[in-house]
Amino acid sequence: MPLDQTGLPPLQAINHEILLIDENKTYPWQAVHVPKKFRDQWIEKRDAYLKTSRWKHTTSTNAVPIMFIPKPKNPTKLQIVVDLRARNDNTKKMASPLLDIQAILNKVAAHKYRTMMDLDGAYEQLRVHSNHVDQTTVTTPDRNLVSLVVQQGDCHTPAFFQALMNHIFSSYIGHFMYVYLDDIVMFSNSLAEHMRHVKLIIDILKQEKLYLSKPKLQILAPEIDILGHIVDENGIKMDPNKVDSIANWKPPMSRELLHRFLGAYGYLADNVD
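Just so we're aligned: the sequence shown equals residues 1 to 273 in the working numbering.
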């Protein structure tokens, strides 16, 4: 079932927080216009999110703009984006722990049976803390709205989502599973044990009202794509798409683009000839 047809996700033990540097800062108002070709799609999206209480009307006027752009791979379809740059600049930056990627890959590769699961529209399954909902105010063509679920592009979404996943699966991480954001990987050497673990994780997800992406569900997969690598019966290898992206990288023309390139290359350096 599409997420916009499910009920509002429940508040969890960990919810998304928007910790502002200056709580009194105002954002410049911008008029918002939806292109005529996307008007019907916008109304459908707006009504679905209001119906499921993901969005609510608000009288707050300190808002950032919503934008309407074509989806890159399907220009006839609408992609709604919130321009969060001003709010992100006014957000206290927080650190989050880094995964030991090589240790995870080694452990997954050392087991015979593997399953991958992906959460569907993962970030929108994370609630905004009740005290911070007013900080999500956006300007739309109709009226201002607030979001009770995380907005795409919030600078701290990955950190809070990972913290929630770590909390939910704390008893099992490192034993027969790992979770990185919306990716869940399970591994075992016993088929019967593996299927018990798969059922256990699915039951936990049901209990927490977290929804999986059915097309991305890979139970007993002979090959899985995890953390930029391919793991199969032959071991670990780089995802060829990642290698190609480095080989075909356009020359960086700014300091920021150079940092991105060096970060990507550094991640792949041990595996690129």
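Derived by calculation from the structure, the hints in this document are not laboratory data. In this text, all values refer to a predicted model and were calculated from it rather than measured experimentally. Be aware that one or more of the hints could be misleading.
[As the list claims (entries may be wrong)] In silico DSBU-like cross-links for lysine-lysine, where the CA-CA straight-line distance does not exceed 30 Å:
1) LYS25 x LYS37
2) LYS237 x LYS214
3) LYS216 x LYS237
4) LYS45 x LYS214
5) LYS107 x LYS37
6) LYS216 x LYS45
7) LYS237 x LYS77
8) LYS45 x LYS73
9) LYS71 x LYS214
10) LYS216 x LYS73
11) LYS25 x LYS36
12) LYS199 x LYS71
13) LYS77 x LYS25
14) LYS56 x LYS237
15) LYS112 x LYS214
16) LYS77 x LYS36
17) LYS199 x LYS56
18) LYS37 x LYS112
19) LYS107 x LYS77
20) LYS25 x LYS199
21) LYS209 x LYS77
22) LYS37 x LYS51
23) LYS36 x LYS56
24) LYS237 x LYS107
25) LYS71 x LYS45
26) LYS36 x LYS112
27) LYS92 x LYS37
28) LYS112 x LYS25
29) LYS92 x LYS36
30) LYS216 x LYS112
31) LYS216 x LYS51
32) LYS51 x LYS77
Right, here's what the structure says about each hint:
no. : hint            : verdict
1   : LYS25 x LYS37   : 35 Å, violated
2   : LYS237 x LYS214 : 26 Å, holds
3   : LYS216 x LYS237 : 20 Å, holds
4   : LYS45 x LYS214  : 22 Å, holds
5   : LYS107 x LYS37  : 50 Å, violated
6   : LYS216 x LYS45  : 24 Å, holds
7   : LYS237 x LYS77  : 35 Å, violated
8   : LYS45 x LYS73   : 19 Å, holds
9   : LYS71 x LYS214  : 22 Å, holds
10  : LYS216 x LYS73  : 19 Å, holds
11  : LYS25 x LYS36   : 33 Å, violated
12  : LYS199 x LYS71  : 35 Å, violated
13  : LYS77 x LYS25   : 35 Å, violated
14  : LYS56 x LYS237  : 46 Å, violated
15  : LYS112 x LYS214 : 23 Å, holds
16  : LYS77 x LYS36   : 13 Å, holds
17  : LYS199 x LYS56  : 36 Å, violated
18  : LYS37 x LYS112  : 51 Å, violated
19  : LYS107 x LYS77  : 41 Å, violated
20  : LYS25 x LYS199  : 48 Å, violated
21  : LYS209 x LYS77  : 28 Å, holds
22  : LYS37 x LYS51   : 23 Å, holds
23  : LYS36 x LYS56   : 24 Å, holds
24  : LYS237 x LYS107 : 14 Å, holds
25  : LYS71 x LYS45   : 15 Å, holds
26  : LYS36 x LYS112  : 53 Å, violated
27  : LYS92 x LYS37   : 38 Å, violated
28  : LYS112 x LYS25  : 54 Å, violated
29  : LYS92 x LYS36   : 38 Å, violated
30  : LYS216 x LYS112 : 20 Å, holds
31  : LYS216 x LYS51  : 27 Å, holds
32  : LYS51 x LYS77   : 21 Å, holds
Against the hints set out earlier in the document, violations occur for numbers 1, 5, 7, 11, 12, 13, 14, 17, 18, 19, 20, 26, 27, 28, 29.
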